[in-house]
Amino acid sequence: MEFKKISSALISVFNKEGLDPVIEKLSDLGVKIYSTGGTQSYIEQRNVPVTPVEELTSYPSILGGRVKTLHPKIFGGILNRRGFDKDQKDVQEFEIPAIDLVIVDLYPFEDTVASGASHEAIIEKIDIGGISLIRAAAKNFQDVCIVSHVAQYNELLCLLSENNGGTSLEHRKGFAKHAFHISSHYDTMIHRYFAQDQLETMKVSITERTPLRYGENPHQKGVFFGKLDAIFKQLHGKEMSYNNLLDIDAAVQLIGEFKDDQPTFAILKHNNACGIATRTTVEEAYEAALAADPVSAFGGILISNKEINEAAADRINGLFCEVVIAPGFSDAALEILQSKKNRILLIIKTFDLPNIQYRSILNGFLAQEKDNITDKAEDFEVVTKIAPTSPAKNDLVFAAKIAKHTKSNTIVIAKNGQLLASGTGQTSRVDALKQAIHKAKSFGFDLNNSVMASDAFFPFPDCVEIAQEAGIKSVVQPGGSVKDQLSIDYCDANGLSMVFTGVRHFKH
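In this text, residue positions in the sequence shown follow the numbering used here: the first is 518, and each later residue adds one.
Keep in mind that the hints are not guaranteed to be accurate.
Unchecked claim - Label-pair ranges, simulated between beta-carbon atoms:
1) S722 - T891: 29 to 37 Å
2) D896 - V584: 50 to 58 Å
3) K902 - K776: 32 to 40 Å
4) K750 - A615: 46 to 54 Å
5) G881 - A631: 25 to 33 Å
6) S856 - H708: 17 to 25 Å
7) I643 - K606: 34 to 42 Å
8) P538 - S722: 41 to 49 Å
9) F837 - K776: 22 to 30 Å
10) D537 - D831: 52 to 60 Å
Please keep in mind that the hints were generated in silico from the structure rather than gathered at the bench. Predicted model, so just to flag it, every value in this text is computed and none were measured. All C-beta atoms, glycine included, are put in the ideal place defined by N, C-alpha and C.
Model the full assembly from the supplied sequences, consistent with the hints where possible.
As structure tokens, then:
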């Protein structure tokens, strides 16, 4: 393997953490160092010889530092191809010294946006010279080594020490690949800032990567891209799996609808709620949620909108569950729940979810705005002669929230702030309703005076007919069918109340 010895380097970095040993090693190797501004001063303070780029370019830093390295003598030194006679003739004619190593990072644009800084401050953190140097050095990886992130300093030090100040083509190509990753991500973040949530182009770049044990099934590889620690603090348990994360996402989305409500507890399985209830205490909410389907709850994902106390933990501990999520756990609750070594315990933080959702299909992606509409009682349009009672109206809101987060076609049956059953992911709405009724009865629930929510309109009156026969007394649905009146007429003739929301909530 051939190693190309480094004779000169350009160093210009915003973050100087970890730079000292690199500077010292280059000085020991006799490498000529060029630098700018703050980095130059930093190197000088360490008594290491450094040449200001102004001496090379015969041009000062101008425009408040916006233009420092954008000069032919800098970029000619980086981009010249050592094996091309024409390039070498040019550099000799214009007295351009070769630059073999470029150590550059970028202004912290992403962090500046996240800090809530002003628009003007954010714009000033759009790096021009740095990104140009990175791309130039990466393009000419045949002859130049580019170090574009502080995390690569140790790797560079090892190479320089082991190879007497030399780098191989393989090494330089690896550094170049990472440099283009850095520049691509940086430009994507700038585009995202300007585009906000406009659905014009799709540019996604996420550098945080968590390998998973496998994907949806053991024969599939899986990775999570994102910052899980921005949303959760894991207190206990094994690593989260691909399927865990899908269920956790569904759980977080669902409980978000109840964040300001009384204690609400949900149990999810395969992205759907198999139990959810609102009560005056967390332990009561858990017991009511479990009662909806204690069979499906086995191995499920549990989530609460309030801190889990000792009484709730005592009850939860009797159930085999994969994950428990809450805004907090009392010390006693934590001690109880940690008794199962693999059980994942997560504290959910305050955070904002992206407003654009993506899904890969065929040879591309679908993108859509998140469904941010929550059906509220004040938005209900009473379309029947009888209006729902106040308790029924509360249950309709409760059921509608659940239906919004259940796979279509769905029917949700609820009563007294408790999910009795839901029909999920059925090809017909009638089948979804029949499934929900059968399931509720199988667990001993009395459906008299219960309510029903549908994610989409009823094209025929068959659903309200079946519902009335089962004892359901009030219905919430979007409306919008050309045959809405048939369902309204049936409700009026049989003493049911029905409200329209005007909003469909398909979930596929």
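Evaluated hints:
1. S722 - T891: 29 to 37 Å: Roughly 31 Å apart at Cβ, these two residues keep to the hinted range, so it holds.
2. D896 - V584: 50 to 58 Å: holds, 56 Å
3. K902 - K776: 32 to 40 Å: holds, 36 Å
4. K750 - A615: 46 to 54 Å: holds, 50 Å
5. G881 - A631: 25 to 33 Å: For A631 against G881, whose Cβ atoms are near 29 Å apart, the range 25 to 33 Å holds.
6. S856 - H708: 17 to 25 Å: Violated: the Cβ-Cβ distance is about 49 Å, outside 17 to 25 Å.
7. I643 - K606: 34 to 42 Å: For K606 against I643, whose Cβ atoms are near 36 Å apart, the range 34 to 42 Å holds.
8. P538 - S722: 41 to 49 Å: violated, 30 Å
9. F837 - K776: 22 to 30 Å: Check passed, 27 Å falls within 22 to 30 Å.
10. D537 - D831: 52 to 60 Å: Between D537 and D831, where Cβ atoms are some 55 Å apart, the hint holds.
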